[in-house]
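Colleague: Chains A and B, in that order, are what the protein sequence lines are.
Take the first sequence: its letter number 132 is residue 132 in my numbering, and every next letter is one higher.
Take the second sequence: its letter number 736 is residue 736 in my numbering, and every next letter is one higher.
Zero decoy hints are in this set.
Think about it this way: if two alpha-carbon atoms lie no more than 25 Å apart in a straight line, the pair counts; the simulated DMTMM-like pairs of lysine to aspartate or glutamate are:
| id | chain 1 | residue 1 | chain 2 | residue 2 |
| --- | --- | --- | --- | --- |
| 1 | B | Lys246 | A | Asp181 |
| 2 | B | Lys267 | B | Glu253 |
| 3 | B | Lys505 | B | Asp419 |
| 4 | B | Lys267 | A | Glu51 |
| 5 | A | Lys100 | B | Asp147 |
| 6 | B | Lys246 | A | Glu51 |
| 7 | A | Lys100 | B | Glu253 |
| 8 | B | Lys452 | B | Asp419 |
| 9 | B | Lys505 | B | Glu689 |
| 10 | A | Lys131 | B | Asp147 |
| 11 | A | Lys131 | A | Asp83 |
| 12 | B | Lys31 | A | Asp94 |
Quick caveat, the hints were computed from the structure, so don't treat them as lab data.
For reference, the chains in residue letters:
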Amino acid sequence: MLKKQMIALTMATILLLLLCCVGTVTAGRSVGFVSLRSVYLSPDASGWGQEQVWRLDLTDPANVQVYSSAQTTPVMLLRYTADQRLRAVTVYGDTMHSRKLVCSDNAVALSHGYPVPYDDLGHHGCGVEKKVTDRRSVAGLVIAASYTMVTAPAPDAEEYVSDEIKGKVDLADVYWINLQDDTGTTVLRQLWSPQLGWWLYEQTPQRRSWLISFGGGVTK
Amino acid sequence: MMRSISLLLALLMLLPSLAAAELIDGQAAFKSWSGYWWSFNGGALSNGYSRWTDEPAPIEKYELYVNGAYPGDATRWEDTYHYDPAAPNWFGLCHAWAAAATVENIPFVPSVIGGVLFRIGDKKGLITLAHDNDVNLAVRGTNSPVDFHVFLLKYLHENRRAFVADLGGADETWFYPIYRFSMDITSGSGYKDVKCYIWYADDRVDADFCGTVEMPSYFEYRLTVNSAGEITGGSWQGNSVYQHPKSLFYPLETASTNPYIDYETIKSIALSRDDELESDNPVRLPEGEQVLISLNDDAYYVDCAAGDLLSLDFDRIDADDPYSHIVVTAPDGKVVLDEYLREKLSLRYTAAVAGRYVVSITRTSYDKAGICRVTCAVRSNRDRCQPSLRSGSAWNGFALTNTGTTAVENVAVVACNSDGTPQRTLLSPRTWQPGERYLATLSMFPLPLHVKNAARALKITNGAALQQVYIGGEWGKNMSGFGSNDPGAAALVIPDTSSMYDAGKAVDFGVVNISSGSHDVIFDLYNAAGESVGTRTVSVPPYTTVQYGEGNNPFHTNIDNAWYLIHTDAPVLRGYINWRYGGTKYESLAALGDSATSLIMPHVAVDSSWNTKVTVINPAAVSTTVTFNLLTGGVYASEQLQLAPHEKRTLLLGGDIFTAVSRPVLGTTALAVQATEPVCGYVSYETAEGLTRVPLLAPRLHASVLTVPHIASDSYWWTGVALCNPGQGAVDVTIIAYDDSGEPIAGGVVQRRIERQSKDVFAVRSLFPAMVLDKTPAWLRIESSGVIAGLVLYGGVDNNVVTGCPLTAP
Chain A
1 MLKKQMIALT
11 MATILLLLLC
21 CVGTVTAGRS
31 VGFVSLRSVY
41 LSPDASGWGQ
51 EQVWRLDLTD
61 PANVQVYSSA
71 QTTPVMLLRY
81 TADQRLRAVT
91 VYGDTMHSRK
101 LVCSDNAVAL
111 SHGYPVPYDD
121 LGHHGCGVEK
131 KVTDRRSVAG
141 LVIAASYTMV
151 TAPAPDAEEY
161 VSDEIKGKVD
171 LADVYWINLQ
181 DDTGTTVLRQ
191 LWSPQLGWWL
201 YEQTPQRRSW
211 LISFGGGVTK
Chain B
1 MMRSISLLLA
11 LLMLLPSLAA
21 AELIDGQAAF
31 KSWSGYWWSF
41 NGGALSNGYS
51 RWTDEPAPIE
61 KYELYVNGAY
71 PGDATRWEDT
81 YHYDPAAPNW
91 FGLCHAWAAA
101 ATVENIPFVP
111 SVIGGVLFRI
121 GDKKGLITLA
131 HDNDVNLAVR
141 GTNSPVDFHV
151 FLLKYLHENR
161 RAFVADLGGA
171 DETWFYPIYR
181 FSMDITSGSG
191 YKDVKCYIWY
201 ADDRVDADFC
211 GTVEMPSYFE
221 YRLTVNSAGE
231 ITGGSWQGNS
241 VYQHPKSLFY
251 PLETASTNPY
261 IDYETIKSIA
271 LSRDDELESD
281 NPVRLPEGEQ
291 VLISLNDDAY
301 YVDCAAGDLL
311 SLDFDRIDAD
321 DPYSHIVVTA
331 PDGKVVLDEY
341 LREKLSLRYT
351 AAVAGRYVVS
361 ITRTSYDKAG
371 ICRVTCAVRS
381 NRDRCQPSLR
391 SGSAWNGFAL
401 TNTGTTAVEN
411 VAVVACNSDG
421 TPQRTLLSPR
431 TWQPGERYLA
441 TLSMFPLPLH
451 VKNAARALKI
461 TNGAALQQVY
471 IGGEWGKNMS
481 GFGSNDPGAA
491 ALVIPDTSSM
501 YDAGKAVDFG
511 VVNISSGSHD
521 VIFDLYNAAG
531 ESVGTRTVSV
541 PPYTTVQYGE
551 GNNPFHTNID
561 NAWYLIHTDA
571 PVLRGYINWR
581 YGGTKYESLA
591 ALGDSATSLI
601 MPHVAVDSSW
611 NTKVTVINPA
621 AVSTTVTFNL
631 LTGGVYASEQ
641 LQLAPHEKRT
651 LLLGGDIFTA
661 VSRPVLGTTA
671 LAVQATEPVC
681 GYVSYETAEG
691 LTRVPLLAPR
701 LHASVLTVPH
711 IASDSYWWTG
721 VALCNPGQGA
731 VDVTIIAYDD
741 SGEPIAGGVV
751 QRRIERQSKD
761 VFAVRSLFPA
771 MVLDKTPAWL
781 RIESSGVIAG
791 LVLYGGVDNN
801 VVTGCPLTAP
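Bound conformation, chain A alone (with noise of 0.2 Å):
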């Protein structure tokens, strides 16, 4: 038995070693940066057209601050819980578009609309079917809107994983996260990898978002 375990440990250090190599980003707890390129449908959805690039610091991963490619200053504070859920947005200078949101298990937040990728599903891996709540408020109003989180192994990754990462993640594992509302049309999705704390690609009716770089690793 010990020596299966040794065996599989040698082989486990090789892989790592091999992978490490060949630049594939493994899970571990080091952190760094993603840059994410967005395109959004034009405004008479008549075609994508505007593209913008972010770039997310999450050297605090409890403060994650996103930076326009246009920009040397931040946009945006993303504030992440210890288990790292999205718990408040602060887009700087603009109170209108801030916002704080109550986590668990089964809430999402999402942008709604906001060019800013930052879309919170939660962490699951594949093979979850669960229903989730966005709660949103306004004018002292609670809009709670229902979703079921549906995931799948995503055999046609390597068409939505954008070109300057592909090679650099193992796409083996991939797996979608789907969110449908109640007439099951899919409103967001993002597609995953078991080895990053980032997704890889997100679509909703009016963005599309793909994750071109990342740095220092980027953890779970």
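Following the hints, put chain B in place on chain A, whose structure we already have.
Modeller: Frame of chain A, contents of chain B only:
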């Protein structure tokens, strides 16, 4: 008692199921403005809009303001991406207009900045374009009214911000800014029924429309509510099932698809108000063209001396009633113009009294701004002009020097069009102190680039008492220049012509009527042999320049090396000629107005670098004998030739005449020209790449005091002076250097002696070798014990950039 309690409990239990009504409203802090949607099939941003298509289009005006010219990249971009004649009419920038109308609180009024008129439509078009790629918070493709409800409450109710909604039908997209709502909410068990009125700004307006066309709309929907009172969904009700907002957005960050525009510049344009002369007090109306905008009662004034011709031309360029009322009142209270500006209005008034003429422009209502273009000119025989500036990429410099001993008041410098019409005042009226030199280039003036580029002449208002030098050029090419302050002449000679079939030579010329009346001016064209090519009469209006080139001369003919005798019935003509050779040699010369039997060329420039040619023209109908005398301490050599009537002859010294005189000796001489009948002519000094021409100096230019009105002397430029003493006795000459303010420079006085019939040639930088000058001389005064004549040459160190002009008395 128990029964009452039971009833009360029953009522309380029923209460949640009873409908409760609630009213909520919201309104943006400012009302969104209506604007055109800039349909792609018209491409009005780059093609122009409404009735103003003869003006630059909005994006062209932007480029005119920013770059001084159009079309540039920004216009070409618009042509490519926002103009499609085949596009459906509803394709356009309604999303961008709606976004701009949502976040840009701009009180649109017409304005003039940088000399460019921006109408309301121009401004709305540009600010719309600046928003056509905004980063938005956008919700699209939802059939639920929940987001609409959230937008109303969040933006209008809570934050007093408008937002944008697509309110078009099923097949078309029409975005509008919603700036107000009022909703009636009826709550029941598990639902809220909402009946909602909204108000939005319409875009079916003319581009110049000012204000908001308010459009109401009504929607009703039901929101579902869970037991916790949370809204969990909703559905459209009634007609709103079929007609409801399709998508919603709120602009977060301004961005344009056109990469060649700058938002901040456009914002400053959009926020600008009124014209560039606006003041609460009467303001001087400068000479030139102005666009005046009437947002309230405006008053301007023009100062005239008695006898000045005041010209005011008004052109109405607004579209809205009422007409502007224009009144011009003389200093003595006499009303000299009192009219409504329906289309065009002109005043030509010879000032009967000196003083301030007041121009008032009023409207019965200022709901809509009045816009008119006015061209103002005050002309007199005290004016002088530099009638031909170098255009395009050239630099244009001029020096105005008061070489006299009294101040000269009210001198202004005005850039003019090619016909002499004032275009823009460069230098407002000011006083030139005795001895003051003013030196400037056009680039120094804060003028819109397009105005600079369009300037073709300079008018020196009240400039008759000043000495003037104009030099223009392009880097790497020869300069051209004038030193003209000639009085008017009844007859001028334009000494050369060119043929358009000769690519290596081009001549253009102009004739100026400097009087207050029209004159019939006769153009006699002769070939070099003196044969008449033709005669034409041209009526030249007062104070107007007529310009001709190869293709548009009065004879519509192509002939090289001919010349014009131009004459009229009074001494009211000035003129000029410009030469271009092979794209690098340029020169200008004032038209020859002095024919005489005795003329002087102070300097024969002949050495290893320089050659000198003399051109003589016999303007008379009789032949004349011309004697050329080389002077160097007396007549060193002499030659004669016969000029037929109207004949022109060009002779290379040392080549065509004086072939027996060695070049070193030629270089020491001056040339005196004697003729039995009055002749005129000019001298050409030529280097490998350089060329300058100076007229043969008639007795009018022989004097005992001469001035060099401008000195250019540094590591590159040199100023050379040639003085000739044509008399039989030696003269003592005192040369005094002055600074820009007219103060004699300490140590800047030098004595020289010029022997009889000799010349004295010197570079200014070598004139004062033994003295320490603390200032660079600006100009020179030359005092002689006898009559002398002189010229000044300006050049670069390589002698290939050179021009010159005669010296005149102060």
